[in-house]
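From first to last, the protein sequence lines stand for chains A and B.
Note that my numbering gives residue 176 to position 176 of the first sequence, counting from 1, and the numbers run on in steps of one.
Heads up: take any position in the second sequence, counting from 1, add 1000, and you land on my numbering.
No lab work stands behind these hints: they were computed from the structure.
Nothing here was measured: the structure is a model prediction, and the numbers come from that model.
Where hints are given, some of them may not hold.
Among chain B residues calculated to face chain A with C-beta under 10 angstroms, some are [claimed, not checked]: (1) Ser1041; (2) Val1056; (3) Val1310; (4) Thr1498; (5) Arg1518; (6) Thr1525.
Reference excerpt, derived from the structure (chain A facing chain B, CB under 10 angstroms, subset only) [to be verified]: (7) Ala97; (8) Val146; (9) Thr162; (10) Val190.
Computed footprint of chain A on chain B; a stretch qualifies when at least three of its residues, placed anywhere within it, have a C-beta under 8 angstroms from a C-beta of chain A [claimed, not checked]: (11) 1047-1054; (12) 1526-1536.
We treat Cβ as the ideally placed atom computed from N, Cα and C, and that holds for glycine.
Spelled out from the first residue to the last, the chains are:
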Amino acid sequence: MTADDSITLTLDGSEIEVPAGATILEAAAEQGIAIPVICYHEATTPNGLCRVCVVDVDDGRVLQPACVATCQPDSTIETDSERVLRSRRTILEMLNASVNLDEAPEIQQMLRDCHADPERFPHAHKRDPELIDDNPFYVRDYAQCVLCWRCVQVCAEDAQFTFALTLKERGHDTSVATAFDISMTESPCVFCGQCIGVCPTGALKPKIEWGMQQGLSEDELRAATRRGRKRDRDRA
Amino acid sequence: MNGDITDICARYQGRGREALLPILWDVQTALGSISPAQVHSISHTLRIPEADIFGVIGFYTLFHDQPTGRRIIRVCTDPSCALADADAVLHEVCARLDIEPGETTADGETTIEHSPCLGLCDVGPAALVSARGQSDRALAHASAASLLDDWTGDYFTPAGDENSVLLDGSLTSAPQRLAEYGDYAALRHAKTQSPDQLIAEVEASGLIGRGGAAFPTGLKWKFTRAAEGAPKYVVCNADESEPGTFKDRVLMEHRPHLLLEGIALAAYAVGTNHALIFIRGEYPKATQILHDAIAEADAAGLLDGLTIEVRRGAGAYICGEETALFEAVEGKRGFPRMKPPYPTTFGLFGKPTAVNNVETLCAAPPIISRGAAWFRSVGTAGSAGPKLVSASGHVARPGVYEIAPGITLRTFLERQCGGVIGKLQTVLMGGAAGTFLLPGEIDVRLTFEDLREADGTFGSGAIMVFNDTVDLRDMLLRLGRFFQHESCGKCFPCQLGTQRQVEILERLDAPLPGDCDRLRDIGMTMTEASICGLGHTAALAVMSALEKFPGLFEGE
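Work the whole structure out from these sequences, hints included.
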């Protein structure tokens, strides 16, 4: 690194030098500061939408998402100021009120780390749609979906160019869906599995894993999955 | 019609995703909804995935993916219409048809829906009605009889007096025609000089954006002119949707040529022949007037190679946010983009774009013809030039007024609006994304700087007046429901915060311990951590009420 392509700034009270163009998330990680973030994934286009990673830059009017905001020379960044922690904690508390996070240990850890109250919002409307079991490969339990968009992104331009998924409705009623809610087998889905790979919660799950959680027998599992059927055919 | 849309698709052959909202409008208007078979046809015509089209239909409330009645009646129940008894009208319509809002009669004849603000706050209750195969219509002074029987309810908002510049006191209910307006003399004058001189004049005038964000207009044009990339675009933001705001509607319905000349000036300034007006879908009358005026100006040779396209929105307040507006024009769900990059370098189709509010563009022709010094002579140093405000609620004469910033709110209410009806309880300044003023605070001067100093907002110039008969808890709930309905759902703070906020506003009569703190945390989180201006302001009114009317949050 030459002096030309590095910049100096203050991060949580320490003066540091970072490569020009680095995001705040990257710069902090370099310093051993892990800023929590839900929607960000190195393989998908960042949309800066979960806002759990917001930080205080120069005491600005609004907070900045560390995953996409780039480091500015001579800026002062705080990753754990009062206002940062209030936003982070409130977002997580509101999320916990809407979504079943039982199978999202990383997000649960974030709740604990910022001393969030899991019961902060009583009598809240929880998104609780029925689990969708419409193909032999995976199930979709959108009661566990945090709307990070990653599955829609890898199904589209970020990886697979299959376009089986979209977002339906808007606001708090938003959900991930196929066109007109057709089954995955009727959709263009090629069962590549990339969506399952990037899902940060238990919303997308291989059918075998789900079946085992349900306590299905080996025969039942085989019947429920095409892989099982193919193995049976191969044996026959 | 049997659902065959071959003819419609044929008109769009060769076009791409940017034509999605227009083609969806054609199908929606012809058939009342858009079915899987039609999505399939559109997918092949525009070469975009079916799932994407389905996602777009679901984002915009005026599009339907399930069958609707042969006619759709939408009644506004936001604050100003609520004061005009809109709930009773909606209730009576539903009772006579024996359905609930959101339902369709068994004979498939009529669908009834709630609607967010329709921009007819001065002549409520307002309704937007659609009949299959016909142009939509906006109706004023709606009653059960007018909505179910004859669809009468044309309206006229008298606007302006002999001193008005943006408005024109001599106007009748018809839009001003080209012959009355004149032959775009300001544009001809500007073209005798360089674009840089035009920009310098607008900068010298001190004109700042009238859409709510108050950004200096000359600077925006200068940045767009200097940006690399072609073609550049001028986009007129006519997605006026802030509850209580209807000034842009009145400008478009009364003075379409003033707007077109302003757009032509902006196009000359930034150096483009591509302009587009994005108008909210709830403004069918203004839409038609603009189409007619563009044809008139074009026929008279006044546009000189400039194309001005009118794009119709489809029911999404968020599309008033400039980057969400671009996404809508590009045929996508109206999600705001992250900024930077800003529109002046990366706007519509990723090109440098000057996006201006209707009223802002309408200020340009008089600045050129009368000079920057004249503009500065009206108003104050921080709020130069005449400004339009929309007054509604409990005033004797609701409507759109042209003021010289600096007069006090009290003077405005007493002189222009004919006084408050009943005993004043509060004034909501700036619309749903606004703040409350108490009766003791209405000597504040109507300027951007004075209202900012009073921790208020001028915003888009909405002034909603509530007398002491108004149940403010009910009003807060309506505002909260508005934002819950209009949040795009992209960022967590707003998607979750608008929902949590409503849940608490629904129990204001019997709050839980800690609800005030919950509202403050939700409000500050939306304000500081959301992506866009909708989220940043979705809690303003509630936060303001917590401060000004703490008793509202203490239960019975």
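Now for the hints, and whether the structure bears them out:
1. Given the 10 angstroms rule on beta carbons, the hint for Ser1041(B) is violated: about 13 angstroms separates it from the nearest Cβ of chain A.
2. For Val1056(B), the shortest C-beta to C-beta distance to chain A is roughly 8 angstroms, which falls under 10 angstroms, so the interface hint holds.
3. Because the closest C-beta pair between Val1310(B) and chain A is about 24 angstroms apart, greater than 10 angstroms, the hint is violated.
4. Taking 10 angstroms as the C-beta cut-off, the interface hint given for Thr1498(B) holds, the closest approach to chain A being about 7 angstroms.
5. A hinted interface residue such as Arg1518(B) counts as satisfied when its beta carbon comes closer than 10 angstroms to some beta carbon of chain A; here the least separation is about 7 angstroms, so the hint holds.
6. Of the supplied interface hints, the one on Thr1525(B) holds, with its beta-carbon coming within about 4 angstroms of a beta-carbon of chain A, less than 10 angstroms.
7. Interface hint status for Ala97(A): upheld, as the beta-carbon distance to the closest one in chain B is roughly 7 angstroms, under 10 angstroms.
8. Because the beta carbon of Val146(A) sits about 8 angstroms from the nearest beta carbon in chain B, less than 10 angstroms, this interface hint is met.
9. Among the interface hints, the one on Thr162(A) holds; its C-beta lies about 9 angstroms from the nearest C-beta in chain B, closer than the 10 angstroms criterion.
10. About 13 angstroms separates the beta-carbon of Val190(A) from the nearest beta-carbon of chain B, more than 10 angstroms, and the hint is not met.
11. Here's how the region 1047-1054 of chain B fares: 6 of its residues keep a CB closer than 8 angstroms to some CB of chain A, so the rule of at least three is met and the hint holds.
12. Counting residues of the region 1526-1536 of chain B whose beta carbon lies closer than 8 angstroms to any beta carbon of chain A gives 6, which reaches the threshold of three, so the coverage claim holds.
In terms of the numbered hints stated before, the structure departs from hints 1, 3, 10, listed from lowest to highest.
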